[in-house]
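Visitor: Top to bottom, those sequences are chains D and W.
Per the numbering used here, the first sequence runs over residues 1 to 355.
Per the numbering used here, the second sequence runs over residues 356 to 634.
Please keep in mind that the hints were generated in silico from the structure rather than gathered at the bench.
Since this is a predicted model, take the numbers as computed values, not measurements.
Be careful, since some hints might not be right.
[To be verified] Per the computed footprint, the stretches of chain W lying under chain D, defined by three or more beta-carbons under 8 Å from a beta-carbon of chain D, are:
1) 380–392
2) 458–466
3) 502–508
4) 567–579
5) 603–609
[To be verified] Selected chain W positions facing chain D (Cβ under 10 Å, derived; list incomplete):
6) 399
7) 403
8) 481
9) 618
Glycine included, each C-beta is placed from N, C-alpha and C at the ideal position.
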Amino acid sequence: MSMSALASARGAGRGRRPGLRRGEAVAGWIFTLPVLVILGVFLLVPVLMALWVSFSDWSGRGSPLSSEVGFVGFDNYVAVTTGGGLAERDFGVALRNNAWYVLLVVPLQTALALFLAVLVNRAVLRGRGIFRTAFYFPSVTSSVAITVLWLFLFSTSGVVNTVLARLGIAGPNWFNEPSGVLHNLLRTLGVDTGPQLLTGHGFLGLTWWDWLAGPSVAMSAFVLMAVFTTSGTFMLLFLAGLQNITPEVEEAAMVDGANAWQRFWRITLPQLRPTLFTVLTLGLIGCWQVFDQIYTGTQGGPGKTTLTPAYLSYQSAFLSQEWGQGAAIAFVLFVIIVLLTVLQRWILRPADGVR
Amino acid sequence: MRAARRSVVWQAGLYALLALLALVYVYPFLVQLATSVKTEAAAAADPVSLVPDPLTWSAYARLFLRSDFPVWFANSAVVTVLVTAGRVFFDSLAGYALARLRFRGRGVVYAALVAVMAVPTVVLLIPKFLVINQLGIYDSYAGMVLPLLVDAAGVFIMKNFFESIPASVEEQARIDGAGTFRIFWSVVLPMARPALVTIVILSFQGSWNELSHFIVSAQSPELTTLTKGVASLASGQLSQGSQYPLKLAAAAIMTIPVAVVFFVFQRRIMNTSEGAVKE
Numbered sequence: 001m002s003m004s005a006l007a008s009a010r011g012a013g014r015g016r017r018p019g020l021r022r023g024e025a026v027a028g029w030i031f032t033l034p035v036l037v038i039l040g041v042f043l044l045v046p047v048l049m050a051l052w053v054s055f056s057d058w059s060g061r062g063s064p065l066s067s068e069v070g071f072v073g074f075d076n077y078v079a080v081t082t083g084g085g086l087a088e089r090d091f092g093v094a095l096r097n098n099a100w101y102v103l104l105v106v107p108l109q110t111a112l113a114l115f116l117a118v119l120v121n122r123a124v125l126r127g128r129g130i131f132r133t134a135f136y137f138p139s140v141t142s143s144v145a146i147t148v149l150w151l152f153l154f155s156t157s158g159v160v161n162t163v164l165a166r167l168g169i170a171g172p173n174w175f176n177e178p179s180g181v182l183h184n185l186l187r188t189l190g191v192d193t194g195p196q197l198l199t200g201h202g203f204l205g206l207t208w209w210d211w212l213a214g215p216s217v218a219m220s221a222f223v224l225m226a227v228f229t230t231s232g233t234f235m236l237l238f239l240a241g242l243q244n245i246t247p248e249v250e251e252a253a254m255v256d257g258a259n260a261w262q263r264f265w266r267i268t269l270p271q272l273r274p275t276l277f278t279v280l281t282l283g284l285i286g287c288w289q290v291f292d293q294i295y296t297g298t299q300g301g302p303g304k305t306t307l308t309p310a311y312l313s314y315q316s317a318f319l320s321q322e323w324g325q326g327a328a329i330a331f332v333l334f335v336i337i338v339l340l341t342v343l344q345r346w347i348l349r350p351a352d353g354v355r
Numbered sequence: 356m357r358a359a360r361r362s363v364v365w366q367a368g369l370y371a372l373l374a375l376l377a378l379v380y381v382y383p384f385l386v387q388l389a390t391s392v393k394t395e396a397a398a399a400a401d402p403v404s405l406v407p408d409p410l411t412w413s414a415y416a417r418l419f420l421r422s423d424f425p426v427w428f429a430n431s432a433v434v435t436v437l438v439t440a441g442r443v444f445f446d447s448l449a450g451y452a453l454a455r456l457r458f459r460g461r462g463v464v465y466a467a468l469v470a471v472m473a474v475p476t477v478v479l480l481i482p483k484f485l486v487i488n489q490l491g492i493y494d495s496y497a498g499m500v501l502p503l504l505v506d507a508a509g510v511f512i513m514k515n516f517f518e519s520i521p522a523s524v525e526e527q528a529r530i531d532g533a534g535t536f537r538i539f540w541s542v543v544l545p546m547a548r549p550a551l552v553t554i555v556i557l558s559f560q561g562s563w564n565e566l567s568h569f570i571v572s573a574q575s576p577e578l579t580t581l582t583k584g585v586a587s588l589a590s591g592q593l594s595q596g597s598q599y600p601l602k603l604a605a606a607a608i609m610t611i612p613v614a615v616v617f618f619v620f621q622r623r624i625m626n627t628s629e630g631a632v633k634e
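Isolated chain D (complex conformation):
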């Protein structure tokens, strides 16, 4: 968007009345100075400091820049990725939990947001406002307040289980249930333990069988919460995208006899591609940063099944005083987010020659 805008703005002012524009350079720097200083001091410097801490043995006492703090090379990174100890296993567990969370939340929130947008877009103008408001409202409330509400809704004898009981279903013990959803599913089919191939080998201190446990029941409640709170925001993005679509193509398809289902997949969805890309990217980035909900609701429990890398990073540094490891986890997480975003960008790239 902005590079071309910048270029044109630059071009527009060039070469006119130089005398009146004297002092502009000074003013430009003074005007941007507060933003630069604050972002520099509280963003750039901190990242550099944390990078140093991730390579140090700082214990949290005194300044990390003092001479007593030693350089330990990649020790902290090794501890959390290949150390073979608890730190590695915790990181593996956190990655597993968050990966399942992403795998469920991103498609669900995108599909639901698109579905809501299509429905709302079909409503007459006045109805549109009301429904839009209802679906968007959860997005403006704080994650802390929503988590508190969710703990109540999904408590053992809470709203969700009461409703399920009326339908004749015995609801689980949501936030106290560490068992994995996929493992539970296999158990109903009579499979209690995995094959030797999966239980005998593993990655990051976790057997493949444990990687495939699926999100725990407790994590599933967080998945539902994320879908509930974010679908409204993304619905707005899709609504905007839908309103930019020209009706002519769809009308032509209608004349050609395409039914509503075909028209959606063949005509509407391809035109929503840029919005879809934005939603998937924002969803992916957001989902890898789950922190507030875990801090407020479960602190990683039950059985560490809601531990996420973001919370683990906080916990290692602030609660266990393992500052080097906490910082290392944060940087590994950063790399994961960047890599996945690039990968997604590559997968969703427009086909050659087609715009």
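Since chain D is already given, all that's left is putting chain W on it; use the hints.
Guide: Okay, now just chain W, sitting in the frame of chain D:
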């Protein structure tokens, strides 16, 4: 005829589905309000009911009269007002410079801002603490407010807005001999009201709902904000037993200010997100 009847059935089905979905989205908040005025026994006995029987305000009384809740509320209010004021002023100042003033290094400043926006906030938890601690402003309002005082996204919104309005008015003021800051303050800023309202909404919402930054920038009870306080309520401090009416009352009060802002500026909020995509 047949087609018309079919479309009526379609429409009825559409609205029924929309209404059902809307109920699912709104019902949790109704339960929240209803439960906050229930007794604990009633909340446990029938969590689904929206009718509090008996109705009691004891959760609210306890929060306001016998807990730190008023302190939390006051802290959140102070921080939110300061952060919002700071962002409105500094974001528009920088946005104006990037949109209108020609100076060497503008491209670098712009690129730096783009880079800043790409950094995921959760990576900054430990880093921010380190710097706040190093500067000696840990556990103070300064540490809580200063790092939030500007935001790159806000600068972008202001920059885009300033680029969209014609420069002729400023040119006239310049010819009349006004200085750059004069022009910015008394000519440009008053025209920027729509964009400023957007900044106010986003900053208000962002700082009122902020949690992680306050976790890493302060620890004393006098500096606890609503988000931190209510999170501690949720994990069981201050309460024996489940205490759901108390927790939900706290969550409800916490939601009110953002809900008010949302309903007052509803149209603009929705249009803002729409505008953001069209870019």
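Visitor: Take the hints in turn and mark each one as holding or not.
Guide: Evaluation of the provided hints:
no. : hint    : in the structure
1   : 380–392 : holds (count 7)
2   : 458–466 : holds (count 7)
3   : 502–508 : holds (count 4)
4   : 567–579 : holds (count 3)
5   : 603–609 : holds (count 5)
6   : 399     : 7 Å, holds
7   : 403     : 5 Å, holds
8   : 481     : 5 Å, holds
9   : 618     : 8 Å, holds
Checked against the numbered hints listed earlier, the structure breaks none of them; every hint is satisfied.
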